[in-house]
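Colleague: Sequence:
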Amino acid sequence: MLDEIFSISNDSDFAKIALQVYHQQAVECEPYRLFHQYLNKNHIHVNNLNDIPFLPIEFFKTHQIITGKNINSEVVFSSSGTTGQVLSKHYVTDLSTYIKSFMHGFEFFYGSIKDYCILALLPNYYEREGSSLVYMTNYLIEKSNHQQSGFYLHNIAELNNQLLALEAKGQKTILIGVSYALLDLIDKYQYQLKSTIIMETGGMKGKRKELLKSDLHQLLMNGFGVNSIHSEYGMTELLSQAYSYGSGLYHCPPWMNILVRDKNDPFQILESNYSGGINIIDLANINSCSFIATQDLGKVHDDGSFEILGRFDNSDIRGCNLMIQQ
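The numbering used here numbers the first residue of the sequence shown as 1 and each following residue consecutively.
Hints are supplied without guarantee of correctness; some may be wrong.
Said to hold, decoys possible - Here are the simulated DMTMM-like cross-link-like pairs (lysine to aspartate or glutamate), alpha carbons at most 20 Å apart as the crow flies: (1) K172 - D115; (2) K172 - E158; (3) K263 - D296; (4) K209 - D184; (5) K41 - E30; (6) K172 - E129; (7) K188 - E167; (8) K61 - D262; (9) K213 - D184; (10) K299 - D313; (11) K61 - E107; (12) K188 - E158; (13) K213 - D296; (14) K114 - D187; (15) K61 - E74; (16) K263 - D51; (17) K16 - E58; (18) K100 - E142; (19) K213 - D187; (20) K89 - E107; (21) K61 - D313; (22) K194 - D115; (23) K69 - D94; (24) K100 - E4; (25) K89 - E129; (26) K143 - D184; (27) K263 - D313; (28) K114 - E142; (29) K69 - E28; (30) K69 - E129; (31) K299 - D262; (32) K89 - E158; (33) K299 - E74; (34) K209 - D313; (35) K89 - E58; (36) K169 - D184.
Keep in mind that the hints were calculated from the coordinates and are not lab data.
Kindly generate the complete structure, drawing on both the sequences and the hints.
Modeller: This is how it looks when you write it as structure tokens:
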């Protein structure tokens, strides 16, 4: 099944395989099975992606989401949060699936990792255990096979020197960083980068005032001297990432898809160009749950790209989440 998932090339193949995965998970993923039972929903009658019930993402805080008989996780990824918060946990029973997903995903959007030097500015993520983003970035650093690739956590002077040296050589480089750390860098240094992609992963982490994405990107474009800011859209509960080349428009790899649900009726899927709650189909989640209703608000465009517009307030979360409390 994994070979089929990572070989998807069109919408028809995606729908066919997604329904196969759905029918398996509706039976073999116990929390997802109980969610169906709570909704009085029989998976046998589901033969369209729009009819699939999406599991509220909050279940990853309260349940062990695993499909199949193998309940032994190789790694447990956890979300970030403040002291006392209940964190989401993703029990990954086959780490090689995650590796295949993010490697195929990176190469789908950017080509061979060996062409790049990877510079990572992810202090908040790196300083805690269980970050799927740090795991992915560290793996990309190792596979880049470039001597200067690495994490530059608090030593921005060294990072500045590396950026300038790489630019002087015309080396293709990706600087991936959390928003506040990238802003800290351009507060001290200004650039006119020609060979470097700036990729932000979001989040001020309480270090700076939150900004509109467009305002953040304008500041970063001015500071780094680039025409666009790339972004990575991923989360603890997923094993795939969407990427944006700029303008806040994200694209999914072929085994991932975005649907938008009505804000007041979580079981109503909207047509493109309408805003609502983001539902994600991530077929790399074959061993957990591939059908997740997130708390992000967004919009899908006619070409399949999507944008994130914000997040639900707790007061906006509707009926399908009630089971979490039980």
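Colleague: It remains to establish, for every hint, whether it holds in the given structure.
Modeller: Right, here's what the structure says about each hint:
For the hint linking K172 to D115, the alpha-carbon distance of about 7 Å falls within 20 Å, and the restraint holds. Note on K172 and E158: the hinted pairing holds, with a Cα-Cα distance of about 18 Å set against a maximum of 20 Å. Between K263 and D296 the CA atoms are separated by roughly 11 Å; this keeps the pair inside 20 Å, and the hint holds. For the proposed pair K209 and D184, the alpha carbon gap of about 13 Å is at most 20 Å, so the pair holds.
Proximity of K41 to E30 is assessed by CA-CA distance (about 14 Å); at most 20 Å being required, the pair is judged to hold. Distance hint between K172 and E129 is unfulfilled; the C-alpha atoms sit about 30 Å from each other, more than 20 Å. Simply put, K188 and E167 have alpha-carbon atoms about 18 Å apart, close enough for the 20 Å limit, and the pair holds. Note on K61 and D262: the hinted pairing is violated, with a Cα-Cα distance of about 23 Å set against a maximum of 20 Å.
In summary, the hint linking K213 to D184 is supported, as the alpha carbons are separated by about 17 Å, within the 20 Å threshold. A C-alpha spacing of about 17 Å is found between K299 and D313, which places the hinted pair at or below 20 Å, so the restraint holds. Restraint check: the Cα-Cα separation between K61 and E107 comes to about 31 Å, which exceeds 20 Å; the hinted pair is violated. Proximity of K188 to E158 is assessed by CA-CA distance (about 13 Å); at most 20 Å being required, the pair is judged to hold.
Our distance criterion of 20 Å between C-alpha atoms is met by K213 and D296, whose separation comes to about 14 Å. Taken as a hint, the K114 and D187 pair is broken in the structure, with Cα atoms around 31 Å apart against an allowance of 20 Å. Using a Cα cut-off of 20 Å, the hinted pair K61 and E74 holds, with the two alpha carbons roughly 18 Å apart. At most 20 Å may separate the alpha-carbon atoms for a hinted pair to count; K263 and D51 meet this at roughly 16 Å.
Distance restraint check for K16 and E58: the Cα-Cα separation of roughly 27 Å exceeds the 20 Å cut-off, and the hinted pair is therefore not satisfied. Proposed proximity of K100 and E142 is supported: the alpha carbons are some 15 Å apart, at most 20 Å. Annotation: proposed proximity of K213 to D187 holds, straight-line Cα distance about 18 Å (limit 20 Å). With a C-alpha separation of about 27 Å, the suggested pairing of K89 with E107 is violated against the 20 Å cut-off.
For the proposed pair K61 and D313, the alpha carbon gap of about 17 Å is at most 20 Å, so the pair holds. Between K194 and D115 the CA atoms are separated by roughly 15 Å; this keeps the pair inside 20 Å, and the hint holds. Taken as a hint, the K69 and D94 pair is honoured in the structure, with Cα atoms around 12 Å apart against an allowance of 20 Å. Annotation: proposed proximity of K100 to E4 holds, straight-line Cα distance about 13 Å (limit 20 Å).
Of the pairs offered as hints, the one joining K89 and E129 holds, with about 12 Å between alpha carbons and a cut-off of 20 Å not exceeded. About 28 Å separates the Cα atoms of K143 and D184, which puts this hinted pair outside 20 Å; it is violated. Restraint check for K263 and D313: satisfied, since their Cα atoms lie roughly 11 Å apart, inside the 20 Å limit. For the given pair, K114 sits about 10 Å from E142 by alpha-carbon distance, which is consistent with the 20 Å threshold.
With a CA separation close to 8 Å, the supplied pair K69 and E28 stays within the 20 Å bound. At most 20 Å may separate the alpha-carbon atoms for a hinted pair to count; K69 and E129 exceed this at roughly 27 Å. About 11 Å separates the Cα atoms of K299 and D262, which keeps this hinted pair within 20 Å; it holds. About 34 Å separates the Cα atoms of K89 and E158, which puts this hinted pair outside 20 Å; it is violated.
For a cut-off of 20 Å, the pair hint linking K299 to E74 is broken: about 35 Å separates their Cα positions. Distance hint between K209 and D313 is fulfilled; the C-alpha atoms sit about 19 Å from each other, no more than 20 Å. A threshold of 20 Å between alpha carbons decides the hint, and for K89 with E58 the separation of about 10 Å falls inside it, so the pair holds. This hinted pair does not check out: K169 and D184 have alpha carbons roughly 25 Å apart, beyond 20 Å.
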